[in-house]
Structure formats: C-alpha cells, structure tokens
Amino acid sequence: MTPIALSILLAAAPPIPTLSQSAVLDAPSPTVSPTFGMVIGLSGDRVVATGPDPSKEGGSLGQIATFQLQPTGEWSTFKEMQSIDQVRRGAMVLQRLAFAGEQMLITEDRRDGSSSSVVTFEAAASPSGWRQLSRLESPATSPEPAFGASIATDGTIAAIATVDMRVLGDKPRTVQVAPKVFLFERIKDGWKGLGFLQRDASKQPTFFGASLALANNTLVIGCPKAIPASPHQSLVQGGDSAVVVYRRGTDGAWALDGELTPPPHRVDYLGFGTALATDGERIVLRQAQISGSGAEVLVYKRGTTGWVYDGELAPQVDIVRGPGWGITLAIADGRIVVGDPTALSGEQMTGYVGVFARSSEGNWGESLRLKPSVAVTSSRWGVSLRADGRRVLVARPASEREGIMPGGALLFTLPEQRDAPPVSSGAVAATDVPLAPSAPPSSPAPNVPPK
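Numbering (the numbering used here), first residue to last: 60 to 510.
Note that these hints are calculated values from the structure, not bench results.
Fair warning: there could be bad hints in the mix.
Cβ pair distances, simulated, as ranges [stated by the list, open to error]: (1) Arg477 - Val376: 25 to 35 Å; (2) Glu406 - Ala184: 31 to 41 Å; (3) Ser79 - Thr364: 35 to 45 Å; (4) Gly103 - His291: 34 to 44 Å; (5) Arg170 - Pro481: 44 to 54 Å; (6) Glu133 - Ser418: 34 to 44 Å; (7) Arg170 - Ser419: 19 to 29 Å; (8) Thr320 - Ser135: 42 to 52 Å; (9) Glu133 - Pro481: 30 to 40 Å.
Positions of the beta carbon are idealized from the N, C-alpha and C atoms, including for glycine.
Sequences and hints are given; from them, build the entire structure.
Written as structure tokens, this is what we have:
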C-alpha cells in the first residue's frame, strides 16, 4: 500500500475508541520470576498473577499473587503469595495456569524425561486465598513428559493434553503418533479421571491438544499440522490440520461435535488452531504460518447443522498486525478480545489488545482498544489475556530494564453492550472461506477409561 493510499484510508476511517484500565494489580511484595505477570487468571471477583519458576532444589516453590474485589469496588491483595509444595527437583512450575470457579490448575513440567503433573488448588479462607488440593498425573503406564502441555478447566471438568509443545534448546520433542487429552472431574474430595480423547492415529495428529478451550460443556481441541521449533530442533509436521470440537451430553458422555479445517487458500498456514477461545456457541481461533510471519484470526459459530465460518478479525489500518497476531484470545460478553505483542503502530512495536464486536450487518470489526495509562513492556503488551463476563485481564510482566516491577496485571471493564461504541467500518467478513465441515452430534468420540 502506498503512503498516499494509507493516508486516505486513515483519514476515512474513524478513530477506534480506547479504554483505560479500571484497576492496576501489582504483586504485594518483590517477585522472583523475571517475567512475573506473564501468567494470569481471572474468575468472577478473583484475579491471580504469577510467573514461571525453575526448581533447583525441590520443595516449596513459586509465587502466586491473588486479588479479590471488595464491596467498595476496590481490589485488594491477599497478604501472602501462594507457592507450590513438594515440587520435584528439576521441574519448571507456573508456565501454564487455568482458573475457573474456585479451582486453579498449574503445570509442573519435568525436564528429566519422567512424567509431568498438574497441581490443583481450591479457593480457601487462608492468608494466600488458596489451599493446595492434589496432583493430577497421567494414568498411562509409560512416562508422559509433556503431560500438562496445555490445560483448560471450567471449574468442574479439567482437560489436560500430552502433546509435546516444549522448545528445549537442542533437545528433541517427544513426538507421539496419537497424543491424548485426559479428562478429569471435580468431586467432593478431589479430582477423578474420566478417560481421554484421542484422534484417529491414521490422521497423524502429532499436535492434537496443542491448544484447548472449554466452556458450557463444549471442549475445543487444536490440532495444527506443525508448531514452531527452536533453531536446534527439526520442524516436525503431522498429518492434517484441524480443530476438533466435543460436546458433553446430559448423560455426561462426550461426543464429537464437529471438525474445523483450514481454508483452502491458506494451506501454507500450518498452525491452524494454535490459539483458541470458546463460549460454547462461538469459536475463535488463530491460524499462523510456521516458517513465515503471517497470522490470521477466524471466527466460527454454531449453526443449525454444524459449525460454520463467521468471519475474520483484522485491526484498523493504523495498526499493522505482526507474526504474533492472535497469540492470545478471549471471548468477553459476546465480544472477542485479541492480543498481539508484535503489532506495529507506524514503525514502533507497541503491542496491541483490541476488542471486536459484531455489527448490525453481521460483520466483525473493532469496537475498542485497551490502552494502559501506566507503563507496560511494549514488546509484551498483549502476550496474555483472560476474560470473564465484561472483565478483561491483561498481563503486565515485570521488566527490570524498563522499570516495571514487581509485575502483575491490568484489569479492564468493558462497557455494557448497549453502551458500547459502534463497530468500525473496517469490519471484515471474508466470503471465500467455505463452511466448516461438521460431524453430526451423534458421532461417537473416543472416551477410554484410564488404565
């Protein structure tokens, strides 16, 4: 696009309204993790923020700051930060966190080839706001080093993948022919295993479980053809790309609810489904080039006969999306929130968090941009976000170099739908993407009891 054409577009497009944070949530004391605030969670009136921490000696490890909304409208922090007890030596904890209801799941990633685990917590009246409940581990007889590679929970059901997503320098990935997604259910005294979901091995689903989203009895599982590798790792490719949808019936059984496949004009986008969000009636997903810099965010909705394509999300022309476009996604009160820490404004990498809404014509377009009024690390703005209702939580990682200490998160409160600004005229509704193929709801899904 020429500078003149860009100037005309900028002049014609109305500016996108911005929204500042409603609360700044900083850790209550100095933090150990150099990127504290990278890992966040939001559920109801409670927020958590933390950062990855490696264990050199084992024992109690990690810092989880917890914030609670008070009747006055202020957010207060619990005086102590929660740690994880009985961490094994050589493990990396707090890389991934899932939080819903009163349940919180945290990964414990082993680096010695033995099985990893997921540590569970439950909200409690304690100085930290939590009590450590149990450990979820793979029931398989052979080690599952990547157990917990991605996790999701709705507070009642937990989904835990075993696909190897780790970039470990010169160490190869643990490639499985058909990785599993284990299901657990919260019961009175802990969690019980329900079995696992597994895609047919003939499809070479190497990265089945690379991403997970769970809401309203709908479980969405990303199965991209490939994921990025480190410079010392060979690029591993599976069979086809798909996003597989399961739905839980009234009898508690999970059945296949459809499979989304990449648009035919984007066969070079091997990373179809590397990021996901769902509210049960809508799925938003990221598809990305693995060896290039392209990335797109697509929306699907539940139709009368299956899942159908519902549009693509793109920012207004004053923002240039980067290779990180859609690296994190959320659905907030029917609107879609997109993060891109690599987005450019002019020639500056500013990062981006934008809110998209559906126009009266049925197209998706920008409605709001979330703009912090406090210092953030621009190269990480939009790297992680969560939503619950009209609240949107955005990571504010620590950065000693940029003077952002000790790290935490920023909370935004979206206006009610009737008070929201109109959707931008730059709404995108691509029409060259076919309807997503969908299996009938009665199609059986694998649900094998753990051994």
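Verification of the hints:
1. Arg477 - Val376: 25 to 35 Å: At 28 Å between Cβs, range holds.
2. Glu406 - Ala184: 31 to 41 Å: violated, 51 Å
3. Ser79 - Thr364: 35 to 45 Å: 43 Å Cβ-Cβ, so the 35 to 45 Å window holds.
4. Gly103 - His291: 34 to 44 Å: holds, 43 Å
5. Arg170 - Pro481: 44 to 54 Å: holds, 50 Å
6. Glu133 - Ser418: 34 to 44 Å: holds, 36 Å
7. Arg170 - Ser419: 19 to 29 Å: For arginine 170 and serine 419 the Cβ distance comes to about 52 Å; the hint is violated.
8. Thr320 - Ser135: 42 to 52 Å: For serine 135 against threonine 320, whose Cβ atoms are near 47 Å apart, the range 42 to 52 Å holds.
9. Glu133 - Pro481: 30 to 40 Å: Roughly 32 Å apart at Cβ, these two residues keep to the hinted range, so it holds.
Against the hints set out earlier in the document, violations occur for numbers 2, 7.
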